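Peer 1: Listed below are the residues making up each chain.
There are 4 protein chains.
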Amino acid sequence: MYSHKIRVRYAETDAMAVAHHSSYWLWFEESRVEFLNTNNIDYSELEKKGLFLPVSESYCKYLTPAHFNEVLIVNCFVTKIGGASVKIEYDIINEKNQNVAKAYTVHPIVNEQGHIVKMPENIKKEFQKILE
Amino acid sequence: MYSHKIRVRYAETDAMAVAHHSSYWLWFEESRVEFLNTNNIDYSELEKKGLFLPVSESYCKYLTPAHFNEVLIVNCFVTKIGGASVKIEYDIINEKNQNVAKAYTVHPIVNEQGHIVKMPENIKKEFQKILE
Amino acid sequence: MYSHKIRVRYAETDAMAVAHHSSYWLWFEESRVEFLNTNNIDYSELEKKGLFLPVSESYCKYLTPAHFNEVLIVNCFVTKIGGASVKIEYDIINEKNQNVAKAYTVHPIVNEQGHIVKMPENIKKEFQKILE
Amino acid sequence: MYSHKIRVRYAETDAMAVAHHSSYWLWFEESRVEFLNTNNIDYSELEKKGLFLPVSESYCKYLTPAHFNEVLIVNCFVTKIGGASVKIEYDIINEKNQNVAKAYTVHPIVNEQGHIVKMPENIKKEFQKILE
Numbered sequence: 018m019y020s021h022k023i024r025v026r027y028a029e030t031d032a033m034a035v036a037h038h039s040s041y042w043l044w045f046e047e048s049r050v051e052f053l054n055t056n057n058i059d060y061s062e063l064e065k066k067g068l069f070l071p072v073s074e075s076y077c078k079y080l081t082p083a084h085f086n087e088v089l090i091v092n093c094f095v096t097k098i099g100g101a102s103v104k105i106e107y108d109i110i111n112e113k114n115q116n117v118a119k120a121y122t123v124h125p126i127v128n129e130q131g132h133i134v135k136m137p138e139n140i141k142k143e144f145q146k147i148l149e
Numbered sequence: 018m019y020s021h022k023i024r025v026r027y028a029e030t031d032a033m034a035v036a037h038h039s040s041y042w043l044w045f046e047e048s049r050v051e052f053l054n055t056n057n058i059d060y061s062e063l064e065k066k067g068l069f070l071p072v073s074e075s076y077c078k079y080l081t082p083a084h085f086n087e088v089l090i091v092n093c094f095v096t097k098i099g100g101a102s103v104k105i106e107y108d109i110i111n112e113k114n115q116n117v118a119k120a121y122t123v124h125p126i127v128n129e130q131g132h133i134v135k136m137p138e139n140i141k142k143e144f145q146k147i148l149e
Numbered sequence: 018m019y020s021h022k023i024r025v026r027y028a029e030t031d032a033m034a035v036a037h038h039s040s041y042w043l044w045f046e047e048s049r050v051e052f053l054n055t056n057n058i059d060y061s062e063l064e065k066k067g068l069f070l071p072v073s074e075s076y077c078k079y080l081t082p083a084h085f086n087e088v089l090i091v092n093c094f095v096t097k098i099g100g101a102s103v104k105i106e107y108d109i110i111n112e113k114n115q116n117v118a119k120a121y122t123v124h125p126i127v128n129e130q131g132h133i134v135k136m137p138e139n140i141k142k143e144f145q146k147i148l149e
Numbered sequence: 018m019y020s021h022k023i024r025v026r027y028a029e030t031d032a033m034a035v036a037h038h039s040s041y042w043l044w045f046e047e048s049r050v051e052f053l054n055t056n057n058i059d060y061s062e063l064e065k066k067g068l069f070l071p072v073s074e075s076y077c078k079y080l081t082p083a084h085f086n087e088v089l090i091v092n093c094f095v096t097k098i099g100g101a102s103v104k105i106e107y108d109i110i111n112e113k114n115q116n117v118a119k120a121y122t123v124h125p126i127v128n129e130q131g132h133i134v135k136m137p138e139n140i141k142k143e144f145q146k147i148l149e
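Residue numbers (the numbering used here), protein chains in the order written: chain P, 18 to 149; chain V, 18 to 149; chain B, 18 to 149; chain H, 18 to 149.
Worth flagging that the hints you see were computed from the coordinates, not collected in a lab. Computed from a predicted model, the values in this text were never measured in an experiment. We put the beta carbon where it would ideally sit given N, CA and C, even for glycine. There could be a bad hint or two in this list.
Here are some, though not all, of the chain P residues that point toward chain V, as calculated from beta-carbon distances under 8 angstroms [to be verified]: (1) H38; (2) W42; (3) P71; (4) E74; (5) S75; (6) K78.
Chain V stretches covered by chain B per the calculated footprint, using a threshold of three residues with CB under 8 angstroms from any CB of chain B [said to hold, decoys possible]: (7) 19–30; (8) 44–51.
Could you build the full structure based on these sequences and the hints that come with them?
Peer 2: See the structure below:
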């Protein structure tokens, strides 16, 4: 498990004065990048080798609205590793310890042509170390 | 069923040169607003009455990447009506008739305090007319 | 002069219930792409040839706030053509005929390495046809 | 002067594989909020009192492209204080000490109706302490 802190930007709010539902994907992505980086999977390095982890599936349950300037903790977990994809889950908690959102994303590993490829053994190994 | 046309903005692409996964939620939202408006549910009017349809749940399966300047058709369907929420499904198709994405969103009806309220009969009636 | 219509998306609003100042750049960009396309400068085609028109300078004066679902007209003008850059100006007008914003962007022409290059004669010619 | 650190998000890049010009406004805003907060001007508190600092004018010169995952330092300065507005300037520097962008924003102080109001003395005093 990895916990990443974000602060809600003004630009991420909408006319309901809460964070817009699309903003959450920016937080999940930022958290995921830091999560993987902390676990020896540097996404920038992966890209330089022509490997990418796009999103093929995403789900989010929005539980408590988030407001401008609130600090949120995004907890990240690897919950499934396939031959060519991984599933990452997220729990967002606010400062009052309320559940803000629960979500997951699925990431195939693809090459520069966008074709799904077998996950390199060293990457798979790093993912397995952090599989819950 | 309602079909809404969007064109992929440059700002909606990312360093993989395809539309970023968060951009799709902007297209679903724009399409949903037009879809409801075409069916006598004017979201701006609803807000003036203190009623809102936030997103409580969202799912998307990304099937074919979308590129800058591509024209996409977002087909929208109401597939479920509860006492206080509706489920809307989306199919995005590109100009080559490929499936770009399949998705759904769930919308409770809430008041200005963010509390879930019973759906007004006239709104429910309009939703029922377009239930698939 | 070219007029492009946009409609304010919910995601483009912020907690002040007006369009966020960063959203305007998305409208200017969408309008600019359509403006150039209408005048034989297809930005997607330009990119395929390894030429890009990034933004090197931008200015905006925000005059009247824009709200969710409002229809805005973005008027675009080419006001200056240099050997390696163009200046485009924008006027946004709302349905009540109020000035919403006045802005400009400057665009050098660069290659895939990001180096400024001389503008191809055929592109320059098209820009000159629409110079105000 | 105040220095705020940001890291370029993947979602903030575009098909040129650099940060999109609209993303910079999100960084300036996040930096400005932290800058003011550090100097006893809590923007969330200001809003609770019905006072807002929208953007009435913005300018940016883009000097060196920014890439995914790069760490940038946003230096913020108050450079002008009027009776009802402030001007804030920004310098973005990357890890190689290159100038990424220079920008400014102008902020009138407005009430909930969006009308420009005289700046409260205590707020003006805090701004004057940090005027360059």
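Peer 1: State for each hint whether it applies.
Peer 2: Now the hints, each set against the structure:
1. H38: Holds, because the Cβ-Cβ distance from P/H38 to chain V comes to roughly 4 angstroms (cut-off 8 angstroms).
2. W42: 4 angstroms, holds
3. P71: 7 angstroms, holds
4. E74: 5 angstroms, holds
5. S75: Check passed: Cβ of P/S75 comes within 5 angstroms of chain V, closer than 8 angstroms.
6. K78: 5 angstroms, holds
7. 19–30: With 4 residues in contact (Cβ-Cβ under 8 angstroms with chain B), the coverage given for the stretch 19–30 of chain V holds.
8. 44–51: Contact hint for the stretch 44–51 of chain V vs chain B: holds, 3 residues under 8 angstroms.
Violation of the numbered hints given earlier is absent; every hint is satisfied by the structure.
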